[in-house]
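K.L.:
Listed here are the chains, written in short residue letters.
There are 2 protein chains.
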Amino acid sequence: MKKHNFSAGPSILPQEVFEKASQAILDFDNTGLSLIEISHRSKEFVAVYNKAVALVKEILEVPSTHEVLFLQGGASTQFLMSAINLIKNDGGKAAYINTGSWSTKAAKEAKNFGEVIEVASSADTNHNYIPKGYEIPTDVDLVHFTSNNTIFGTQFQAYPETEAPLVADMSSDIFSKPVDVSKFGIIYAGAQKNLGPAGATLVIVKKDILGNTGRAIPSMLDYQVQIKGESMFNTPPVFAIYVSMLNLEYMKAQGGLKVIAKANEEKAAMLYQEIDNNPSFVNHVAKEDRSLMNVVFLLNDTSRDAEFLDACTAAGISNVKGHRSVGGFRASIYNAMPKESVQALINIMKKF
Amino acid sequence: MKKHNFSAGPSILPQEVFEKASQAILDFDNTGLSLIEISHRSKEFVAVYNKAVALVKEILEVPSTHEVLFLQGGASTQFLMSAINLIKNDGGKAAYINTGSWSTKAAKEAKNFGEVIEVASSADTNHNYIPKGYEIPTDVDLVHFTSNNTIFGTQFQAYPETEAPLVADMSSDIFSKPVDVSKFGIIYAGAQKNLGPAGATLVIVKKDILGNTGRAIPSMLDYQVQIKGESMFNTPPVFAIYVSMLNLEYMKAQGGLKVIAKANEEKAAMLYQEIDNNPSFVNHVAKEDRSLMNVVFLLNDTSRDAEFLDACTAAGISNVKGHRSVGGFRASIYNAMPKESVQALINIMKKF
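Chains as they are written, first to last, in numbering that gives the first Met the number 0: chain A, 0 to 351; chain B, 0 to 351.
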């Protein structure tokens, strides 16, 4: 039976990407060697890296003011790196928008390096909306937000306007739609949703915002060191970068982010329509802030939760249990999720 | 034609490991899902992680005083983490033994956190020996050394004696022979030589040396946070951990580190014997400090270097060019290197 994988991350990737990655583990590009036994400085892998960077630049239309890096450590390391690279050593301040667990964690790490100002928060209603109409101080060194909230099922539809460098954790919606990269100081994303396997972290950073803090930065945490080393200051995560490159090729072949965004809108609309029309289910997120990536919903009769999960499992639908902090269910419908899998879930919901 | 892969890292792994890893990318453990699309918190992956940790403990005989972690960021991140976790905030000092590029880089990162004392150095002769007979101050917070030097082809045969926590970068000789882990405060190793693919970093840390610096440590850099999260404070490098687990299973099936050490001694002896007996080649490393992992050698007539490399290539021997800082040639003969590949290289050398 076909599996419908609604995992929040690491998550579904295109079947074609799995097949090519599997083959490269046995024989990479007819070299007679496995992808994972070759030097990261071999001409074959440098070509993979360069292609991955070029595809990110092309697909996201990254301006020449920005550099593209593939690092390690996930978004959690970027919480720390974005702060240490931007917050001034002497009296630095940073503004954070609190839309849930991940933005709270990001703000916590920034407190190691300066004053953190929470400029807006949706904590009052357990993060079921995106704050709007707040003021951002003009004397901050960065403004940070989380573009999509996997746990709470919310997503920024418009981005904060600010003169200070805008920093976004886009781990769970990068490559799901076009983004005007020129507006951002730093965009970072753990690869393991729409890009590739866990183990690589995409960072897009505007060069002219770096080197101004007056603080010593350890080499591995210093974007300028990583830029100079072209992500190879030390051994990069070869496999995760290779699979990301394969998936970027796939995105390009699909027609790019406008085509991908349209498909994502359609899939999300199907599922939200079922939730809104089906009297058994409810979604408490403000309609204008609903995530197109992570659709959260509850049964009105929560005593039937286990019954619903069993019905899903019987239909080959996996990983739709909601996060413990909101309960209920969560369907993560990233780029690679086929419409037929969304329909399979809707069919089970209709029977309820 | 069979390839003989002498790459210094990422490097050769057993063929059986490549085959199982390739299969798991298509269908992991009969789940109907790819290894790289499942949650790191799924019971299937948690079992993989637990098995990897248990095998490290069993194969290296790790005492219960120590914890085993699989992190990201390579040894270069451990340069920073070992220092920030051990050097006291107020007047801390650390002792470093300089045996080449990697130990120099480690010491550089420690300077961000306290005074660094170079207690011994082999820089006077371009690092062709391991220093001996030096004094280590008793009032330091850590003593750091690099157990095997991939570039210069040297290896510690006996380890420094110290009361302070002993910290070792064992990236290039871990799992090549038994080690008395109880003597160490921290052992760390990038996976990409004897353990697995690039993207995971093994850390073995003694619990009672942590939490004594009096400094704030960012979460991702804090060993206590990583221990509490069982390497899953954030999403771990799923694929790299899985392949490491496969290779650990392979090591155990081979009979463990005593058996592996004997094979490594035999392979290295074959190659050093050829170098010593063949009038065309020379090795300048002090005999008692020669590495069993990275065998460096030079042609007496360096004008024939290109000719030798061509002869190697023609015989399917790859990656024997020496590092630019020593020139000549380097044959990295990690655990997975078959004796027949070492013999293939010796055959080419004999013809010269």
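If you are wondering where the hints come from, they were derived from the structure by calculation, not from laboratory data. The reader is advised that the hints may include incorrect statements.
Identical copies look the same in the list; a pair holds intra-copy or inter-copy alike.
Stated by the list, open to error - Here are the simulated lysine-lysine pairs, DSS-like style, with alpha carbons at most 30 Å apart:
| no. | residue 1 | residue 2 |
| --- | --- | --- |
| 1 | Lys110 | Lys206 |
| 2 | Lys19 | Lys349 |
| 3 | Lys131 | Lys350 |
| 4 | Lys350 | Lys50 |
| 5 | Lys261 | Lys87 |
| 6 | Lys227 | Lys320 |
| 7 | Lys1 | Lys104 |
| 8 | Lys257 | Lys87 |
| 9 | Lys110 | Lys227 |
| 10 | Lys205 | Lys110 |
| 11 | Lys261 | Lys227 |
| 12 | Lys104 | Lys205 |
| 13 | Lys350 | Lys42 |
| 14 | Lys286 | Lys87 |
| 15 | Lys42 | Lys2 |
| 16 | Lys42 | Lys92 |
| 17 | Lys251 | Lys42 |
| 18 | Lys320 | Lys50 |
| 19 | Lys1 | Lys42 |
| 20 | Lys176 | Lys42 |
| 21 | Lys104 | Lys206 |
K.L.:
Would you mind marking each hint as holding or not holding in the structure?
P.N.:
We went through each hint and held it up to the structure:
With identical chains, the CA atoms of Lys110 and Lys206 are at most 30 Å apart both within one copy (24 Å) and between copies (26 Å). In this homomeric assembly, Lys19 and Lys349 never come within 30 Å of each other (Cα to Cα): the closest approach is 37 Å inside a single copy and 40 Å across copies. Taking the closest pair of Cα atoms, Lys131 and Lys350 never come within 30 Å of each other, the shortest separation being 38 Å inside a single copy and 76 Å across copies. With identical chains, the CA atoms of Lys350 and Lys50 are never at most 30 Å apart, being 47 Å at best within one copy and 41 Å at best between copies.
Within a single copy, Lys261 and Lys87 get their C-alpha atoms no closer than 41 Å, and across copies no closer than 55 Å, so neither meets the 30 Å cut-off. Taking the closest pair of Cα atoms, Lys227 and Lys320 come within 30 Å of each other only across two copies (25 Å); inside a single copy the shortest separation is 43 Å, beyond that limit. Taking identical chains as interchangeable, the C-alpha atoms of Lys1 and Lys104 are never at most 30 Å apart, the minima being 37 Å within one chain and 50 Å between chains. Neither within a single protomer nor between protomers do Lys257 and Lys87 lie at most 30 Å apart by alpha-carbon distance, with minima of 38 Å and 53 Å respectively.
For the homomeric pair Lys110 and Lys227, the shortest alpha-carbon distances inside one copy (28 Å) and between copies (21 Å) are both at most 30 Å. Taking the shortest Cα distances, Lys205 and Lys110 sit within 30 Å of each other both inside one copy (23 Å) and across copies (28 Å). In this homomeric assembly, Lys261 and Lys227 never come within 30 Å of each other (Cα to Cα): the closest approach is 37 Å inside a single copy and 42 Å across copies. Taking the shortest alpha-carbon separations for Lys104 and Lys205, both the intra-copy value of 23 Å and the inter-copy value of 27 Å come in at or below 30 Å.
For a Cα distance limit of 30 Å, the shortest separation of Lys350 from Lys42 across copies, 29 Å, qualifies, whereas the shortest one inside one copy, 55 Å, does not. Proximity of Lys286 and Lys87 under a CA criterion of 30 Å is satisfied in neither setting, with 38 Å inside one chain copy and 51 Å between copies. Within a single copy, Lys42 and Lys2 get their C-alpha atoms only as close as 38 Å, which misses the 30 Å cut-off; across copies the closest is 17 Å, which meets it. Neither within a single protomer nor between protomers do Lys42 and Lys92 lie at most 30 Å apart by alpha-carbon distance, with minima of 43 Å and 42 Å respectively.
Taking CA atoms no more than 30 Å apart as the test, Lys251 paired with Lys42 passes inside one copy only; the shortest distance there is 24 Å, against 34 Å between copies. For a Cα distance limit of 30 Å, the shortest separation of Lys320 from Lys50 across copies, 26 Å, qualifies, whereas the shortest one inside one copy, 37 Å, does not. In this assembly of identical chains, the alpha carbons of Lys1 and Lys42 lie at most 30 Å apart only when taken from different copies (20 Å versus 39 Å within one copy). For a Cα distance limit of 30 Å, the shortest separation of Lys176 from Lys42 qualifies neither inside one copy, at 32 Å, nor across copies, at 32 Å.
In this assembly of identical chains, Lys104 and Lys206 lie within 30 Å of each other by CA distance both inside one copy and across copies; the values are 25 Å within and 25 Å between.
The structure shown violates the earlier hints numbered 2, 3, 4, 5, 7, 8, 11, 14, 16 and 20.
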